[in-house]
Amino acid sequence: MKPDSHPGEPPRETDLLRPRDPETGDPLPSTAQPGYYPGYRTLSQQTFWDAATRRKVLARVEHPPVIRFFTPEEVTLMTAMADHLLPQRDRAKHRRIPIVPWIDERLFLRRTPGYRFEDMPPDEEAYRLGFAAIEGMATESHGRAFLDLSWAEQDKLLKSIHDGHPMPGAEKVWRAMPHHRFWALLLQDCIEAYYAHPWAWDEIGFGGPAYPRAYFRLENGEPEPWEKDERRYKWDAPAAAVSDPDEPEIATHRHLAPHGQGGTH
Amino acid sequence: MQRIDFPMRRRPVGEEVDYVIVGVGSAGGVLLQRLARAGFRVLGFEAGPFWDTERDWVSDEAGSHQLYWEDLRITGGTDPLALGANNSGKGVGGGSVHWAAFTPRFHPSDFEVYTRDGVGADWPISYWDLKPYYELLEREMPVAGPAYFPWGDPHGYPFGPHPMGGVGNMLIAGCTKLGIGVSAGGPVAILSGSRADRPHCIYRGYCIQGCKVGAKASTLITHVPDALAHGAEIRDRCMVARIHHDRKTNRVTGVSYIDRDGREHFQRAKAVIVSGYAIETPRLLLNSACDGYAGGLANSSGVVGKYLMAQAGSVILGRFETLIRMYKAPPAHALTEEFYETDPKRDFARGFAVQTVGPLPIAFGKQMMAARGAWGWGLRRIMMDYNHWSALGLLGEILPWADNRVTLAQEKDQFGLPVAHVTFNLHDNDRKLIRFGTKRVEEIMHAAGAQEVVQEARYAHLVGAARMGSDPATSVVDGFGRTHDIANLFICDGSILPTQGSANPGLTIQALAARTADYLISQGRTIFTSDRRDPTAPPIRHDLSPPDTFKGGVPRYSGASAT
Chain A
3 MKPDSHPGEP PRETDLLRPR DPETGDPLPS TAQPGYYPGY RTLSQQTFWD AATRRKVLAR
63 VEHPPVIRFF TPEEVTLMTA MADHLLPQRD RAKHRRIPIV PWIDERLFLR RTPGYRFEDM
123 PPDEEAYRLG FAAIEGMATE SHGRAFLDLS WAEQDKLLKS IHDGHPMPGA EKVWRAMPHH
183 RFWALLLQDC IEAYYAHPWA WDEIGFGGPA YPRAYFRLEN GEPEPWEKDE RRYKWDAPAA
243 AVSDPDEPEI ATHRHLAPHG QGGTH
Chain B
-17 MQRIDFPMRR RPVGEEVDYV IVGVGSAGGV LLQRLARAGF RVLGFEAGPF WDTERDWVSD
43 EAGSHQLYWE DLRITGGTDP LALGANNSGK GVGGGSVHWA AFTPRFHPSD FEVYTRDGVG
103 ADWPISYWDL KPYYELLERE MPVAGPAYFP WGDPHGYPFG PHPMGGVGNM LIAGCTKLGI
163 GVSAGGPVAI LSGSRADRPH CIYRGYCIQG CKVGAKASTL ITHVPDALAH GAEIRDRCMV
223 ARIHHDRKTN RVTGVSYIDR DGREHFQRAK AVIVSGYAIE TPRLLLNSAC DGYAGGLANS
283 SGVVGKYLMA QAGSVILGRF ETLIRMYKAP PAHALTEEFY ETDPKRDFAR GFAVQTVGPL
343 PIAFGKQMMA ARGAWGWGLR RIMMDYNHWS ALGLLGEILP WADNRVTLAQ EKDQFGLPVA
403 HVTFNLHDND RKLIRFGTKR VEEIMHAAGA QEVVQEARYA HLVGAARMGS DPATSVVDGF
463 GRTHDIANLF ICDGSILPTQ GSANPGLTIQ ALAARTADYL ISQGRTIFTS DRRDPTAPPI
523 RHDLSPPDTF KGGVPRYSGA SAT
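Residue numbers (the numbering used here), protein chains in the order written: chain A, 3 to 267; chain B, -17 to 545.
Do not rely on the hints blindly, as some may be mistaken.
[To be verified] Computed list of lysine to aspartate or glutamate pairs in EDC-like fashion (alpha-carbon distance at most 16 Å, straight line):
1. A:K158 <-> A:E142
2. A:K161 <-> A:E137
3. A:K161 <-> A:D85
4. B:K394 <-> A:E120
5. A:K58 <-> B:D38
6. B:K252 <-> B:D228
7. B:K414 <-> B:D329
8. A:K58 <-> B:E36
9. A:K236 <-> B:D367
10. B:K414 <-> B:E323
11. B:K533 <-> B:E52
12. B:K159 <-> B:E320
13. A:K230 <-> B:D367
14. B:K394 <-> B:E36
15. B:K230 <-> B:D513
Honestly, the hints are just simulated from the structure, not real lab data.
These numbers were taken from a predicted model, which means no experiment stands behind them.
Could you build all of it, start to finish, from the sequences and the hints given here?
Laid out in structure tokens, this is it:
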């Protein structure tokens, strides 16, 4: 793995925010491609994809949408939140996957997933209410804006929404919008942006588009000739993070778990 | 690639036709094809586009949202249903474009749930009325599956079963260890060998993003081309706003629709068939309230919108030490119906099926959010293990309840029409069934060797909300889909199902459409001129199948097919 240099970033802060080697506790270097499939590139197979798919996926990589819905302040806040919901500090800076532009585009186009919960405002309002809630919680708990909190303080604040017990300071917002629905909205939008990207497919070993060429090794998890075998390594979440379920103090909150919203069968 | 470039007849806007069909999906596509072949002037309206599959569809999870009904709907109740990509199609082919294409038949017991178990409702028709149409549609799609399918009324499938993927192998391993029978390689409406101009499956796993290959059956490729070749017209990107009713004659006269440029037109028709599926069908009837039907057209019973059903569709996910790579193979390729029927030893009525599913990365990420509370670095870590996870779907029968319903919301859509408000509440029997079924699937996963098993609550499919029945006081349509209230207004889609069994509804919806078409054809022009209701079942019209539908090749098991 090639270390990534971060000129201008204070080393200690970077160290705390990067995944660690479990043996030594040292931060792992940022890489162009984290995950257990080194050398696997879905984009290298693009000549075998149909034209419409190639156009769609390449446009996603090369031309993320411009911001049209969020204000500049909201972009900064949302970018900071996305750094917790789907952190990418293990990725080299030039290989981080844009998330906020895709959320912005959906809200600008007022694209819904085809429904809205009866206890929720429209998504555009939900985001703005959510931002107000996060600032309210930061102010009440720390006397500072969310962006002025340390990364660890920010992570704990967001985790309190995840856990279903938000820190005080936003009770009024949560009366207008259930916090577990806001959490699901936020995280689902981040998941849709990150795992739509071919770099994320490389990271998790997903085969990606396969038309008109077929898959033919369907059994036993065997790779196609152009796929790679898994090469696992061990890593710990960054020292400052509280979002890894392998950490014993993190409990899931099943009573608030949203119902599945994807189509599978 | 499957080419669909038939020249289409275009009639002048407003010129009277015999039949207007609202919604060209699973049912609408079959109706359009049958009625056109029989010589009727037939016009289909579709709110979404007429797809050019090579140009419009992609092998991409995030890039396929236009296949789903994404116009606003409000969802609520104690257990709100996710809509959109979860269960609602838009565009010619409708739900059959994005279904995973599992095509099990309903069991004979499904048609008499009330008689047998004292819950739900009986159908006005029996399994044996529908059986010839199951056989017919299984050949028209056609369905791939085993030569012997042991549950319900045992039967075999015309096309050979598909090879196993990692998820199917896991289901077989788990079930075998527990002594549970499995159907491997189908039944699924995906070609295991090429037929006519349709290629066989390439196992790329993007079934629910629309089958660009043309191997998966959708009415867009199985029935619509033949409909157009026989003079049917489809007006795509046209939203039907209301059905017009003449109070003096108590007959419908046509529909108002808004075309792709936002202009409103009136289309005259001798009869109207609503095929908008379980939300848009009741919404259109409610939005068509008029003098004489103040509570919604054809709603003198008050049942329109009520008894909406979704199946328990919890996804159970297991992590395995070995690699699975569940993105390969069609998500739908193996199942068991061992738990389908009511078992007096359990504390609930009816049962469930267990089926393979194959979530792609975005769907899997959301499942991990719901099932495991994953976020942040924990989410990144689980996602890196995507290829180690395998997923099974519970498909459980939720009973029809009057409080699960579609009503009109205050809010309006882009056409100024009130949107649907969907309310869904689980009842005691449903909860017990889901608890029991989920536990069984978890046991199968563990028996197959999973180290960790989690589950996400979910609901699959949508049926009911304009149910059929013998009693006009408690149902909306009769056994042929004719509304009890208005003799030339029909409903034909999933919304007419009184109960839903534990089988995916697509095949049953298409079989019902073929049967309704045979009825309409057998009645000829009487439908257009008379209010007389002839209860005679029509003869089955094998001669109306699309070309290249074979007649033989289906294994038959006479032993169990008693009438």
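Of the numbered hints stated previously, which ones are contradicted by the structure, given in increasing order? Those not satisfied are hints 11, 14.
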